[in-house]
Amino acid sequence: IGVKLPTDPDESFNLGISGMSGVDAQYYPRYYVPYDDVRDQVKAKAQPISLLRKRNPKSNPQIDQVVAALGRKEADLRFIPMRAGKTDLAVFVDPKDGSMLRITSLNPWAE
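Residue numbering for the sequence shown follows my numbering, starting at 328 and increasing by one per position.
Hints are computed from structural coordinates only; laboratory data are not their basis. Using N, Cα and C, we set each Cβ at its ideal position, and we do this for glycine too. Among the hints, a few may not be true.
Pairwise CB distance ranges, derived in the manner of DEER restraints [as the list claims (entries may be wrong)]:
id	residue 1	residue 2	range
1	Tyr362	Ser339	28 to 34 Å
2	Leu332	Asp424	34 to 40 Å
3	Pro388	Leu428	17 to 23 Å
4	Gln374	Ile344	26 to 32 Å
5	Thr414	Gln374	16 to 22 Å
Work out the full structure: start from the sequences and follow the hints.
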C-alpha cells in the first residue's frame, strides 16, 4: 500500500500535530491507497545508494550484501526512506518501475 497525505490545510495540520506525538499517517487507514497510486512519486523521490552509504558509513558491508542479494548493479538501485512506528528504514527500489525490492534497517536520513 501507499499513503496519500491530505491536501486540506486543516486536516494536514491535524495530521502534523498527531505525528509529533508519534501517531503518523500509517495509523490512519483513510490515507491508504494502492501502491500503484504512489509509484510515480516513489520513482521521482528515490535517491542513489551512494547517498545511503554516505549516511551509513559503517554499514558498507550490509549495503554490499543487499546489493549482491538483489543481483543488480548499485547504479540500478535507489532507496526511499520509510518510517514504521518509531523505526526508520531504508527501502531499496527499482528506479525504473518503482518496485520495492528490500526493506533494511539502514538510516535513510541525513544526520
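Hint check against the structure, violated hint numbers in rising order: 1 and 2
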